[in-house]
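J.: Hey, can you work out the whole structure from these sequences and the hints?
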Amino acid sequence: MSADAQPSEVVLNKTLLTGACGAIIHDIDLAKGVDAALFDAIDQALLDHGVIFFRDQALTRKQHKAFGKLFGELHYHPAAPGPKEHPEILIIHADEKSTFSAGQGWHSDVSCDAEPPMGSILRLETVPDTGGDTLFSNMYAAYEALSDRMKNLLAGMSAIHSGKHVYRWRYKVEADKMVREYPESEHPIVRTHPVTKKPALYVNAGFTTHIVGMKPKESKAILEHLYQHIAQPDFQCRFKWEPHSMAFWDNRCMQHHAVFDYWPQVRHGERVTVAGDKPFYDDAA
Amino acid sequence: MSEPAKNVASNLQYDLLTPHSGAEVHQIDLSANVSQDVIEQIESLLVTYGVVFFRDQQLTREQHRNLGARFGQLHIHPAAPAPEDYPEIIVIHADNKRKGVAGTGWHSDVSCDAQPPAASMLYMKNMPAVGGDTLFSNMYAAYDALSDSLKSYLEGLTAIHSGADVYRGGSYKNEAQGGRMPVSEHPVIRTHPVSKRKALFVNYGFTRQLVGLPQRESDNMLRFLFDHVNDPHFQVRFAWQPGSIAFWDNRCVQHYPTDDYFPATRTAERVTLSGDTPYFEEA
Chain A
1 MSADAQPSEV VLNKTLLTGA CGAIIHDIDL AKGVDAALFD AIDQALLDHG VIFFRDQALT
61 RKQHKAFGKL FGELHYHPAA PGPKEHPEIL IIHADEKSTF SAGQGWHSDV SCDAEPPMGS
121 ILRLETVPDT GGDTLFSNMY AAYEALSDRM KNLLAGMSAI HSGKHVYRWR YKVEADKMVR
181 EYPESEHPIV RTHPVTKKPA LYVNAGFTTH IVGMKPKESK AILEHLYQHI AQPDFQCRFK
241 WEPHSMAFWD NRCMQHHAVF DYWPQVRHGE RVTVAGDKPF YDDAA
Chain B
1 MSEPAKNVAS NLQYDLLTPH SGAEVHQIDL SANVSQDVIE QIESLLVTYG VVFFRDQQLT
61 REQHRNLGAR FGQLHIHPAA PAPEDYPEII VIHADNKRKG VAGTGWHSDV SCDAQPPAAS
121 MLYMKNMPAV GGDTLFSNMY AAYDALSDSL KSYLEGLTAI HSGADVYRGG SYKNEAQGGR
181 MPVSEHPVIR THPVSKRKAL FVNYGFTRQL VGLPQRESDN MLRFLFDHVN DPHFQVRFAW
241 QPGSIAFWDN RCVQHYPTDD YFPATRTAER VTLSGDTPYF EEA
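As you go down the protein sequences, you meet chains A and B in turn.
Under our numbering, the first residue of the first sequence is numbered 1, with each subsequent residue one higher.
Under our numbering, the first residue of the second sequence is numbered 1, with each subsequent residue one higher.
The hints are simulated quantities; they were obtained by calculation from the structure and are not laboratory data.
Careful, some of the hints might be misleading.
Footprint (simulated), chain A over chain B, 3 or more residues, beta carbon under 8 angstroms [claimed, not checked]:
1. 125-138
2. 158-164
3. 252-261
Everything numeric in this text was worked out from a predicted model, so none of it was measured.
Where is the CB? At the ideal position from N, CA and C, for every residue including glycine.
T.: And the structure:
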């Protein structure tokens, strides 16, 4: 091969989960590293399917972080710093003492940040015998399924996303860390994906509190409608975890919901989160 | 609290696909003569987990009909298209000419009837490679998850179920009601006649009104309950293959066929078991 040869294109062996989103990628051992051609193929699969899954990835923390760094800077969770040496890692754990589990209800990760994460890479080590599935919903499809009248209403509007009600009691953060750890941000309701340029619905039941410029009752009614709209199975896939399964989702065009139906069993894993940019809406796109 | 995923009850082997909904039975050939013991075990799974799945079955129409008849009286749909010589079989077909999929949205089959079907057994003949999953939501679990206060509020209430919106266009008229669209009043919380457990029995597809409540209260309460049914905690999502069978209990489960495969073709055949008049019994 000459020095200037293009890397040969990698064709991934994929199984699509549904017609709406989600692909399982087979025959890859991420512990062996990812070259430029494989990176391009995985990056494209993420853009095409919104969420991609890998089975049997027994990665170390270092390998998990290295994979995440291929896609951008790693994000530090505002309210849940990771273990020593690995502050970028978010531990996901539920057991017989749990009264809730992280990620219940439809949401996009940390959308209360001014620059919310682009993507999240979750790897589970311990999973219950049955239960603990994660659902994903495609926000391009949710946007497209709105009426033209509703699309016009929402175009260019923005909403407030707050972490206060989500993180305050959960992580028992001290009051003087309020500003840093309970961020609040204003984001467009219809978001232009920075890479695909497609419009995606960007309000979520976890973080969005109200629509800017609407009366409170109007805002409540519209958001209620949008949350129910997002929860329709036609936009979704449902993923059943195995030990060492890994999911990588694009927070810019997907929401997810982690089902907590397995108490008192243990579900344990770690997440690496890739930093993102400031959401924008481009009506010319 | 949690059930083990692998279970062996004499000779019936199955996995629970989620803790509340969906048991997938393995290593069974339903075209063979199935023993009465196995039929009873399947029925026990059905009334507990709401839906039982089988893979890789090869049934003739006669075998499909006869298998259904092992579980009870078969229901003959008054209007749905049936193949010649098999009035008990409903053909469910979607292709590129459709506008919407039959039964879209969460529902319990034909709950507008005075005696809605007890159970439905759908046999998949032809599927797109991807898409066309069906979701099932367990209505015992939906009931159990309500607060005690709301349970008390709902118990003893009844609701109007109407086929008018669903069957507009005249595909289904009930002769017994003088050719009008069927409308029935059923308890909101229903006692399952076999398991005796309480199940939520209002559904987005057919339920229109809570009887005796002001309109706004009825509207808002139903909206809440429809949303509650759609909680993934109670659900399983089943990906079909040709030869898959889902056997669900309309008395304790609702289902939702996804419409994410247009314009691909999906063809299935269903036999339906007759049911009784829904009732509520203070346990």
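J.: Tell me the numbers of any earlier hints that the structure contravenes, in ascending order.
T.: As far as the earlier hints go, only 2 is violated by this structure.
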